[in-house]
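> We have chain V; now place chain A onto it with these hints.
Going down the list, the sequences are from chains V and A.
First residue of the first sequence: 1159, per this note's numbering; consecutive thereafter.
First residue of the second sequence: 13, per this note's numbering; consecutive thereafter.
Among the clues, some could well be false.
What the hints assert, rightly or not - In silico SDA-like pairs for lysine to any residue, Cα to Cα no more than 20 Å straight-line:
{"#": "1", "chain 1": "A", "residue 1": "K145", "chain 2": "A", "residue 2": "Q167"}
{"#": "2", "chain 1": "V", "residue 1": "K1347", "chain 2": "A", "residue 2": "S119"}
{"#": "3", "chain 1": "V", "residue 1": "K1195", "chain 2": "A", "residue 2": "E33"}
{"#": "4", "chain 1": "A", "residue 1": "K116", "chain 2": "V", "residue 2": "E1319"}
{"#": "5", "chain 1": "A", "residue 1": "K68", "chain 2": "A", "residue 2": "E33"}
{"#": "6", "chain 1": "A", "residue 1": "K116", "chain 2": "V", "residue 2": "R1321"}
Hints are computed from structural coordinates only; laboratory data are not their basis.
These numbers were taken from a predicted model, which means no experiment stands behind them.
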Amino acid sequence: MLTKRIIPCLDIKNGRTVKGINFKGLRDAGDPIALAKLYAEQGADELVFLDISATEEQRSTLVHLVRETATQLDIPFTVGGGIKSVEDVELLLKNGADKVSINSAAVKRPELINELATKFGSQCIVVAIDAKQVEGDWKVHLVGGKVPTEISLWDWAKEVENRGAGEILFTSMDHDGTKNGFAQEALAKLNALVNIPVIASGGAGTIDHFTHVFKYGLSDAALAASVFHFKEIEIIELKQELKRQDIPVRL
Amino acid sequence: MKTTIIDYGAGNIQSILFALERLGYEATLSADASEIERSDKIIFPGVGEASTAMEKLKATGLHNLIPQLTQPVLGICLGMQLMCRYSEEGNTQGLNIFDVDVCKFSSILKVPQVGWNTVYDYKSELFQGISEKEYMYSVHSYYAPIVEETIACSQYGIPYSAALQKDNFYGVQFHPEKSSKMGARLLKNFLEL
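The following block holds chain V by itself, in its conformation from the complex:
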């Protein structure tokens, strides 16, 4: 049986993890590879590296990191952040990334999704969608939720599917960072709307939130960062509880 995926997300800047990660037993908590391997051992199903580097020089560090990660990690990982072109994607995939996640560049030029899906296959193209509610309607936002657009979440989700995205990574900006739970209702609607897997992101605070995002949000995967980084939730305990709740997980 296909299992629901638990995906820790690592924010990367200049080849290092950021956001004050607090891990005992790791000699260097800023070392993304050590952290990635630790998560893999603890039962993470996939990993996402989100690059938040500002300069091109920092971005070239990312390529080295991707390659080094690929040599050591035996579970899939996705790389996102600042990807703009077919060339950007080619460089990351060539160096061992399993998938890439594109966001703003796809909104600015939706044909990019078609080009990537044709060249590399849908299986490695994740389209990340950041959205929040504006007067009751879910609207796509850019630049980490700072820049609103007039695009409806539902229209955009359907469009990225039709253009060849293999998965959608949906982040509710209304829930992100709150630790009050995922955007369950929006996720349920999104999962009914599209026929490709949806990764839920934003709002994870407790184990119950994960149970709910699978049971009621009907999501295929759930992504979180700080609850894992600060050890508020251990992946193994999370999966054991999900299993007790009859949610299929890899244990």
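What follows is chain A alone, placed relative to chain V:
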């Protein structure tokens, strides 16, 4: 021992190369017929779209070479599907090694299937030391139904072939190179055949 990964411009071959390195095996990437023929073990990877990948094989003449190989060959993901008779994807004639036609998953399911699925009913030494119902990582929209040559099953809506074997030809639908320790074990089993 000489291991070659067929490099025909379709697939994330780097991951396979790294997985073999982790096992302590060296492999070379090649599209050269004589180099492939001289290898002890051959891995035939593939991701992307079937008809495009088949065109690339034909452009290099590898479509004639692969079915004639006599050493162990392991097809992974699309590589396995191309070893079948036919694929619905792009209406593609395959290498006709496995006597089965590849079909698309029902649209009532999320397609592609992405993630870790259980594999069961092993019928080959390829799965030696791997416990029944082990989880393997897959990403695919098309599948090979259960046939005589099926050596492991999985289920997504319906049961399908997680692995196939005919003589020296092996194929796995999942990605052993990304399936943690048990995926590595399967690669090791193949390399030690």
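> Take the hints in turn and mark each one as holding or not.
Results for each hint:
no.: 1; hint: K145(A) <-> Q167(A); in the structure: holds (11 Å)
no.: 2; hint: K1347(V) <-> S119(A); in the structure: holds (18 Å)
no.: 3; hint: K1195(V) <-> E33(A); in the structure: holds (17 Å)
no.: 4; hint: K116(A) <-> E1319(V); in the structure: holds (17 Å)
no.: 5; hint: K68(A) <-> E33(A); in the structure: violated (27 Å)
no.: 6; hint: K116(A) <-> R1321(V); in the structure: holds (18 Å)
Hint 5 from the list above is the single one not met by this structure.
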